[in-house]
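Sequence lines, in order, name chains A and S.
Number 221 marks the last residue of the first sequence (the numbering used here); no jumps.
Number 398 marks the last residue of the second sequence (the numbering used here); no jumps.
Just so you know, these hints were derived from the structure itself, not from any lab.
Keep in mind the model is a prediction, meaning the values are calculated, not measured.
A portion of the hints provided could be inaccurate.
Going by beta-carbon spacing under 10 Å, a handful of chain S positions derived as facing chain A [to be verified]:
1) 276
2) 317
3) 344
4) 348
5) 351
6) 354
Think of the CB as a built atom: it goes at the ideal place given N, C-alpha and C, for glycine as much as any other residue.
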Amino acid sequence: MHVIIINGSPRVQKLSNTAKIIQSFGKGLQAAGASFELYSLSDRREWDAARDAFMGNEQIIFALPLYVECVPSIMLEFLESLPTERRQPALMSFILHGGFDEGHQFRLCERFLQSLPSQLGCTYGGCLIQGGSFMIRLRDDEKMKKAMDKKLDGYTEMGQSFAAHGSFMTPESRKFTGPEKNPWIVHLLFKLFIKRLVRNNFDYFAKQWGCTRPLDDKPYL
Amino acid sequence: MDKSFYEEGETQRTLMKTIVLNTLEGGAVSEQIGTLIKGDEVEVLNTSDKRIAHCMGCNMCWLKTPGVCAIKDDYEGIIKKLVGAENLWLVSDTRFGFVDWHGKLVMDRIVPMLNMYIEFRAGLERHELRYHPLNFGLLYKGEADQEFLEEWSRRVASNLAGKPLGVIKMGEGEPCM
């Protein structure tokens, strides 16, 4: 099986969480005997080749971060530039991720992605969803690195699963998302304890980035 | 809704200011906008003649220069206007049943209106507001999934801690004769 993977994130490759997810996923594909080629929409020079690959192949995966409750505008622009009719049938699948960890945050975008393939002459191959990916970029911290490496290993397993089944229409893909909503006890713990911890973490990262203002600054007031 | 804001702001804010981002080519349908969107003070900005790039997800507006976007283009002026507004309407063409990329682009760039911190609002994990709640509505053109757009608008409004103002399909406009 040969898979075309298109990174729909606007962020430059080097810093892209989506790129790291694809890397881990691709490792799994290869371990299971499949091959893949990658195109990144953050680099305009790759758009023509990405379009050709989209039109000429049968297994296509778009990997994308959630942006304002749906697909990032740069990926929409690319999709709008694709021909709507094709000679060759194709399965179009998706890897959707984002910062928030609850499954329900992604369901509207998932609905959009479900409706998309038939509008481009393709068949829907499912959507692999997982949140909590914000920290992938901030793996310098030892503890964070461990958790994030474990997360990325999960994608490698899903790469193997995709190579075996040819789609994300599997029970393990559905399970991969985790809880749809955090239970009330998490909300309570968040209020009492986690919220401050998370804030401190963000403050710490901001300082490392050379930020000199409070994160809740109001520069235009 | 952020109660403290309204309590603080009540004395200064008597007028409800509305910003309309018209993303249609050449600022089309401005007449319909005037009829459909009512408010004390409505300002329509045509974005098709502005220079606005895609959000590139760099996180600078959350972690390095809080509230200030790293992309120096015409969107900074829009953010400044949103800081002084209560209502935001998006006017957009549609594609794939959803708003097209021009409409989505001006919404993706709204991130500096929120900050990095996280809270639960109405039981949902959300980013904190940098300024104040913004109500959100959508005027769209073409064939789209009305129910989907309504759900999207509700979610966008919820992210901005504001009320959904509605989703309205525009007429075809004047025939070209």
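Worksheet item: Measuring from the C-beta of residue 317/S to each C-beta in chain A, is the shortest one below 10 Å?
Response: holds, 5 Å
Fill in: Restraint outcome when residue 276/S is required to lie within 10 Å of chain A by C-beta distance
This interface hint holds because 6 Å falls under the 10 Å limit.
Worksheet item: Quick one, is the residue 351/S hint okay against chain A at 10 Å, beta carbons?
Response: Result: holds, 6 Å to nearest chain A Cβ.
Discussion item. Hint validation: residue 344/S versus chain A, beta carbon distance must be below 10 Å. Holds or violated?
Written reply: Holds. Min distance 7 Å.
Worksheet entry | residue 354/S as chain A interface residue, shortest Cβ-Cβ below 10 Å | At 14 Å from the nearest chain A Cβ, residue 354/S fails the 10 Å test, so the hint is violated.
Practice prompt. Closer than 10 Å between Cβ atoms is the bar; does residue 348/S clear it against chain A? Give me holds or violated.
Written response: holds, 9 Å
Hint 6 from the list above is the single one not met by this structure.
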